[in-house]
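Participant: Spelled out from the first residue to the last, the chains are:
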Amino acid sequence: MSEFEFAPTTASRVTREAMRSFVVGVRDENPVHTDPEFAARAGLPDVVVQASHTTAIALDALVAQFGADAILNLDVRLRGPVFPGDDLTVSPVRFGEHDQGVEVRNQRGEVVATGIVVLRDGPDE
Amino acid sequence: MNLETLGQVLVETEVVVERESVALLVDALGTPTAGEVALRLPFFGPTVGGADSVVGPIGLSLERGLAGGQSFEWHRSFRLGERVSVVVSVEDIIDKGALHLATVLSEYRGADGELIQRQRTVFVERKPAAASASVVLADGEGSAGETTT
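In the order they appear, the protein sequences are chains A and B. Heads up: the first sequence at position 35 corresponds to 35 in our numbering, and the numbers run straight through without jumps. Heads up: the second sequence at position 10 corresponds to 10 in our numbering, and the numbers run straight through without jumps.
It is possible that part of the hints are untrue.
Stated by the list, open to error - A few chain B residues that face chain A, going by a derived Cβ cut-off under 8 angstroms, partial list only:
(1) N2
(2) L3
(3) G59
(4) F72
(5) S77
(6) R79
For the record, the hints were derived by calculation from the structure and aren't laboratory data. Even for Gly, the Cβ is constructed at its ideal location relative to N, Cα and C.
Just need the whole structure built from these sequences, with the hints factored in.
Facilitator: Right, dumping it as structure tokens:
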């Protein structure tokens, strides 16, 4: 297994415009991602970022580091809502003795997602 | 949620990796590697067959439910313009105290049948207040860290 170390990403803001582009791109019409009034009925203070969007932000840090073909699996747990205007940072982490992956934090330092990563061991696999 | 949907295939269809959709994902990410990332997750299994193709049959309330996790098994990236087949099924759906949990599996295959990707999305739904009145949400089930987005 290659060394799983990289510098945390520069904080990246999730804008409403980016959220809208993403949900149209993946064809998710769930209004909890686009309609603040619906989000309020769901008990949320604002619309929340679509699941794949958060996954994509985590994956982007990994692709930048290792390349897309090196990443076999990514198992993301969404641990807190991401709202418009949040600034997200992705850092490498270890989970126990055997697992490695990333955590995504917002501007308050709260972990909003974690992801266990499986990388390709070598070029021949 | 409708626990009777366990194991059911909800969608069997073909979809095209459209340049316009991928471009929107690239715009949303706005990074140098966004193009590669977009071709790793251009489809969201629970809506790839239509907005109501999964939410309807499994009976997921969008006001009480959210995605709590998502996992990907990649065999290769999608290619712009390619037509792929997709099968979406209910891999797991359970009653867990104050919650319902469902795992939706989507599998994408290329024209020759080769597996491109397996994608799983876990939905967590709070039961309606009346149905879970006797359950304290903070009893550990409701705060299992699988809460949102």
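Participant: Could you run down the list of hints and mark each one as holding or not?
Facilitator: Hint-by-hint comparison with the structure:
1. The interface hint given for N2 of chain B is broken, as the beta carbon of that residue sits about 18 angstroms from the closest beta carbon of chain A, more than 8 angstroms.
2. Interface hint status for L3 of chain B: violated, as the beta-carbon distance to the closest one in chain A is roughly 22 angstroms, over 8 angstroms.
3. For G59 of chain B, the suggested interface contact is broken, since its CB lies about 15 angstroms from the closest CB of chain A, more than 8 angstroms.
4. A distance limit of 8 angstroms between C-beta atoms decides the matter here; for F72 of chain B the minimum to chain A is near 5 angstroms, and the interface restraint holds.
5. For the restraint placing S77 of chain B at the interface with chain A, the shortest Cβ-Cβ distance is roughly 6 angstroms, inside the 8 angstroms limit, so the hint holds.
6. Because the smallest distance between the Cβ of R79 of chain B and any Cβ of chain A comes to about 13 angstroms, over 8 angstroms, the interface hint for this residue is violated.
Consistency with the previously given hints fails for numbers 1, 2, 3 and 6, ordered from lowest to highest.
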